[in-house]
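Required output: the full structure, derived from the provided sequences and hints.
What follows is the residue order along each chain.
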Amino acid sequence: MIIEGFIALYIFMLAAFTGYEIISKVPVILHTPLMSGSNFVHGIVLVGTMVALGHAQTPLEQAIGFVAVILAAGNAVGGYVVTERMLEMFTTSKKDDKKGDKA
Amino acid sequence: MSLIINLAYFAAAVLFIVGLKQMSSPTTARPGIIWAGVGMVIATLVTFVHPEISGGVNYTLIILGIAIGGALAWWSGKKVAMTDMPQMIALYNGMGGGAAAGIGAIYLLQATPETVTNTGLAIAVTGSLIGSVAFSGSLVAYAKLEGLMKKTFTFGGQQVVNIAIFAITVLLGFMMATSGGEIGSFSLLLFFVLALAFGVLMTLPIGGADMPVVISLYNALTGLAVGLKGIVLDNPALMIAGIVVGAAGTLLTQLMAKAMNRPIKNILFSQFGGSSGGAEEEIEGTMKEIQANDAGIMMAYAEKVIIVPGYGMAVAQAQHKIWEFTQLLQKRGVDVKFAIHPVAGRMPGHMNVLLAEAGVPYDIIFDLDEINEEFKTADVAMVIGANDVVNPVARTNPESPIYGMPILNADQARNVICVKRGKGAGFSGIENHLFYADNNQMLYGDGQKVAAELVASVKALG
Numbered sequence: 001m002i003i004e005g006f007i008a009l010y011i012f013m014l015a016a017f018t019g020y021e022i023i024s025k026v027p028v029i030l031h032t033p034l035m036s037g038s039n040f041v042h043g044i045v046l047v048g049t050m051v052a053l054g055h056a057q058t059p060l061e062q063a064i065g066f067v068a069v070i071l072a073a074g075n076a077v078g079g080y081v082v083t084e085r086m087l088e089m090f091t092t093s094k095k096d097d098k099k100g101d102k103a
Numbered sequence: 001m002s003l004i005i006n007l008a009y010f011a012a013a014v015l016f017i018v019g020l021k022q023m024s025s026p027t028t029a030r031p032g033i034i035w036a037g038v039g040m041v042i043a044t045l046v047t048f049v050h051p052e053i054s055g056g057v058n059y060t061l062i063i064l065g066i067a068i069g070g071a072l073a074w075w076s077g078k079k080v081a082m083t084d085m086p087q088m089i090a091l092y093n094g095m096g097g098g099a100a101a102g103i104g105a106i107y108l109l110q111a112t113p114e115t116v117t118n119t120g121l122a123i124a125v126t127g128s129l130i131g132s133v134a135f136s137g138s139l140v141a142y143a144k145l146e147g148l149m150k151k152t153f154t155f156g157g158q159q160v161v162n163i164a165i166f167a168i169t170v171l172l173g174f175m176m177a178t179s180g181g182e183i184g185s186f187s188l189l190l191f192f193v194l195a196l197a198f199g200v201l202m203t204l205p206i207g208g209a210d211m212p213v214v215i216s217l218y219n220a221l222t223g224l225a226v227g228l229k230g231i232v233l234d235n236p237a238l239m240i241a242g243i244v245v246g247a248a249g250t251l252l253t254q255l256m257a258k259a260m261n262r263p264i265k266n267i268l269f270s271q272f273g274g275s276s277g278g279a280e281e282e283i284e285g286t287m288k289e290i291q292a293n294d295a296g297i298m299m300a301y302a303e304k305v306i307i308v309p310g311y312g313m314a315v316a317q318a319q320h321k322i323w324e325f326t327q328l329l330q331k332r333g334v335d336v337k338f339a340i341h342p343v344a345g346r347m348p349g350h351m352n353v354l355l356a357e358a359g360v361p362y363d364i365i366f367d368l369d370e371i372n373e374e375f376k377t378a379d380v381a382m383v384i385g386a387n388d389v390v391n392p393v394a395r396t397n398p399e400s401p402i403y404g405m406p407i408l409n410a411d412q413a414r415n416v417i418c419v420k421r422g423k424g425a426g427f428s429g430i431e432n433h434l435f436y437a438d439n440n441q442m443l444y445g446d447g448q449k450v451a452a453e454l455v456a457s458v459k460a461l462g
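Protein chains in written order, with our numbering: chain A, 1 to 103; chain B, 1 to 462.
Hint data in this document are derived by calculation from the structure and do not stem from the laboratory. There is no bait here: all hints are sound.
Under 8 Å between C-beta atoms, here's a sample of chain A residues computed to sit facing chain B:
| hint | residue |
| --- | --- |
| 1 | Y20 |
| 2 | L30 |
| 3 | H31 |
| 4 | P33 |
| 5 | H42 |
| 6 | G43 |
| 7 | I44 |
| 8 | V45 |
| 9 | M50 |
| 10 | G54 |
| 11 | Q62 |
| 12 | I64 |
| 13 | G74 |
| 14 | A76 |
| 15 | V77 |
As a list, the in silico EDC-like pairs of lysine to aspartate or glutamate whose alpha-carbon atoms are at most 20 Å apart:
| hint | chain 1 | residue 1 | chain 2 | residue 2 |
| --- | --- | --- | --- | --- |
| 16 | A | K25 | B | D369 |
| 17 | B | K79 | A | E84 |
| 18 | B | K78 | A | E84 |
| 19 | B | K21 | A | E84 |
| 20 | B | K78 | A | E88 |
| 21 | A | K25 | B | E370 |
| 22 | B | K21 | A | E21 |
| 23 | B | K79 | A | E88 |
Facing chain B, according to a computed beta carbon distance under 8 Å, are these residues of chain A, among others:
| hint | residue |
| --- | --- |
| 24 | N39 |
| 25 | A56 |
| 26 | G65 |
| 27 | N75 |
| 28 | G78 |
All C-beta atoms in this analysis are idealised placements derived from N, C-alpha and C, irrespective of residue type, glycine included.
This is the structure we're talking about:
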């Protein structure tokens with residue numbers, strides 16, 4: 001174990017504040033892409049499913065792991081594709097972000 | 001080798017945070033998602049040499065799984081219409097939750113008294129519960145928004161049943177977490193079945209109008225579940241990315257709920273409308289009709305026009321024609337602005353995406369707070385495909401389920417034109433008093449057809 005007990009708790013706390021802070025100034029126009037983007041980021045679960053399937057031993061574990069990898073890959077790839085599609089459209093409009101720092 | 005893996009995970013965590021940060025500003029949003037994508041690729045590739053992965057069959061399954069899941073998601077993500085984005089996000093999000101639950105299931109199956117501690121079990125159980133609820137709940141949200149499930153589903157004592165199921169699930173989880181690793185396969189199965197059932201039952205009674213907030217909530221929950229799995233698997237990349245998303249998603253959920261003036265606990269624990277709508281007051285006035293040609297001319301000779309687009313416009317695919325109409329008006333010197341309600345479309349920011357798709361520059365698109373005072377000075381407010389977000393009862397009638405929701409004050413413009421497919425109430429099923437106002441005229445027809453007629457009428461003026 002590299003992350004032990006209280007260290008995990010500290011990481012948890014700091015990551016939670018980080019997440020809260022980086023979103024706090026997002027304008028309304030980006031809410032949908034951002035939700036989609038954060039949806040993509042938790043697609044990192046793919047790494048976890050790979051490891052879980054990697055040390056699966058019984059057929060049942062392998063079956064669960066296999067399904068989990070499919071689902072996780074869907075999360076990551078799908079999340080990326082739709083977010084990128086949405087944000088791509090924003091950059092084609094005028095370079096003008098005077099619109100709202102309001103959340 | 002483990003140094004390389006750890007460095008790669010560290011880099012991925014940094015890239016995710018930088019990416020998310022950049023995604024919160026329009027000018028840097030695009031690079032933001034790309035950086036996050038780079039982080040994901042690095043983390044995924046390096047995992048192939050992870051020391052805990054063994055067995056040729058498992059490698060094959062991993063590659064096959066990524067290929068299948070990735071290809072399906074790629075294809076569906078490329079082809080989905082912008083209007084259907086919310087349910088697509090719900091679907092992908094549910095998949096992530098399911099994956100987290102899957103990790104938990106394997107961990108709990110493999111648990112033996114020698115390999116696990118009760119703390120580890122407790123975290124795994126919690127993550128599995130949250131992941132399962134996010135999985136089945138998101139699928140229901142997807143089905144509802146996709147129109148596969150039309151009605152809200154309620155039965156007597158539903159809340160009691162939900163609470164009971166949740167309590168039993170938690171109790172089972174508690175027993176597993178304190179078992180020291182001796183987990184019976186029956187209780188494990190029951191635990192997952194009940195957790196999944198709870199996600200379904202919790203989401204079923206929630207109306208379509210509240211769904212965006214629910215999707216956002218499940219997004220945050222999936223993040224949290226992934227973060228917890230990161231602790232279980234001793235994987236910092238999962239941990240950081242998951243928790244960051246969990247926190248960011250929670251904040252986003254609150255922002256959305258606030259924009260809709262629907263406290264989160266009301267959304268989750270009481271249905272929209274329902275029995276409270278019993279005492280509908282009589283509406284004074286009548287609906288007047290206007291033809292597209294007259295409406296077009298009225299706007300062509302106006303000084304200031306504010307367009308209030310709603311999801312109905314996007315469903316009719318009218319946004320391109322509306323933009324063409326707007327450009328014609330602008331050529332005639334008319335000041336045209338778009339007023340966007342926070343929940344126009346299916347979730348905050350969705351309408352901006354749809355207008356951006358049509359090519360409308362975002363310097364003429366305004367938020368509720370920015371534009372609401374301007375309706376008083378507008379000659380014409382054209383409401384197209386929107387309904388509840390301009391319903392004045394939200395200001396006037398405390399009995400109404402939408403009372404207190406911030407609305408666009410379209411009724412304060414000198415003239416109001418409401419483009420609508422047909423008579424009848426909106427998404428929430430509440431009568432719109434604006435339609436009966438003296439300064440309002442109804443323009444009936446399919447959004448795209450109406451928009452085309454408007455374009456033609458202005459062109460005819462030469």
